[in-house]
Amino acid sequence: MHIVAITGSPHRHGTSALLADEFVRGATESGHTVFRFDAAFERVHPCIGCDTCRCGKKPCVFQDGMNCLYPELKKADMVVFVSPLYYHGLSAQIKTAIDRFHGIDGDLVGADKKAMLLMTAASTIESIYNGAVGSYMETLKYLGWKDCGVLLAYGCYGRDAIEKTNYPQKAYEMGKAVREKDAE
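The sequence shown begins at 1 in this note's numbering and counts up one residue at a time.
Keep in mind that the hints were calculated from the coordinates and are not lab data. There may be inaccurate statements among the hints.
[Said to hold, decoys possible] Listed next, with one range per pair, are the computed distances between beta-carbon atoms: (1) G155 / D51: 40 to 50 Å; (2) R159 / G134: 22 to 32 Å; (3) P46 / H13: 18 to 28 Å; (4) K74 / K164: 36 to 46 Å; (5) R36 / D112: 16 to 26 Å; (6) A161 / D105: 36 to 46 Å; (7) R36 / G158: 20 to 30 Å; (8) I125 / R159: 15 to 25 Å; (9) G31 / I125: 30 to 40 Å; (10) K74 / N166: 19 to 29 Å; (11) E126 / C55: 20 to 30 Å; (12) N166 / Q63: 37 to 47 Å; (13) T124 / T52: 36 to 46 Å; (14) G110 / D160: 35 to 45 Å.
No residue lacks a Cβ here, since even glycine has one placed at the ideal position from N, Cα and C.
Sequences are here, hints too, so could you generate the full structure?
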């Protein structure tokens with residue numbers, strides 16, 4: 001299975017980066033190919049809604065890091081979104097890349113893909129993720145993709161805090177548990 005993992009943290013060794021590392025480790029150990037796109041470290045221009053791309057019929061006006069991500073998204077069986085919680089939503093870095101999905105919308109909507117969401121937050125309030133999870137679920141509904149799991153890590157203010165939890169192990173197990181049948 002070809003998996004695309006898109007991360008949104010501007011911290012290379014932060015809490016959500018650890019979840020991404022562990023998910024990728026589990027998935028590759030299970031024999032999957034994983035393409036990782038660290039949106040915070042790529043040059044990605046925000047979508048301006050000009051519709052020059054005509055949802056993938058023409059090239060986007062911005063020639064940037066998305067040129068590497070677009071072909072991977074098209075061939076992906078699964079897309080995994082990994083982000084810290086920033087002000088009750090996905091980070092701006094990952095959201096910028098997701099907004100640019102518009103540039104190949106025609107190739108993504110109804111493309112029978114699967115998805116997962118892995119997130120970290122300093123807060124321990126159960127409802128803190130409602131906005132981010134709601135956005136994720138609505139995006140999948142629009143795209144026609146199937147949710148295959150959500151991992152919400154609470155109380156993870158820093159790397160030292162998350163390392164004392166079982167969240168990295170859970171991310172690893174999610175990656176390890178991805179099976180070819182999930183792509184059907």
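Going down the list of hints, with the structure as the test:
1. G155 / D51: 40 to 50 Å: holds, 42 Å
2. R159 / G134: 22 to 32 Å: holds, 27 Å
3. P46 / H13: 18 to 28 Å: holds, 26 Å
4. K74 / K164: 36 to 46 Å: holds, 39 Å
5. R36 / D112: 16 to 26 Å: holds, 22 Å
6. A161 / D105: 36 to 46 Å: Once the Cβ atoms are compared, 38 Å apart, the range 36 to 46 Å for D105 and A161 holds.
7. R36 / G158: 20 to 30 Å: Given a distance of about 22 Å, which is inside 20 to 30 Å, the answer is holds.
8. I125 / R159: 15 to 25 Å: Between I125 and R159, where Cβ atoms are some 21 Å apart, the hint holds.
9. G31 / I125: 30 to 40 Å: 38 Å Cβ-Cβ, so the 30 to 40 Å window holds.
10. K74 / N166: 19 to 29 Å: Since the Cβ atoms of K74 and N166 sit about 35 Å apart, the hinted range of 19 to 29 Å is violated.
11. E126 / C55: 20 to 30 Å: With Cβ atoms ~37 Å apart, the hint is violated.
12. N166 / Q63: 37 to 47 Å: holds, 42 Å
13. T124 / T52: 36 to 46 Å: Cβ of T124 to Cβ of T52: about 45 Å, so the range 36 to 46 Å holds.
14. G110 / D160: 35 to 45 Å: 43 Å Cβ-Cβ, so the 35 to 45 Å window holds.
In summary, the numbered hints that this structure violates are 10, 11.
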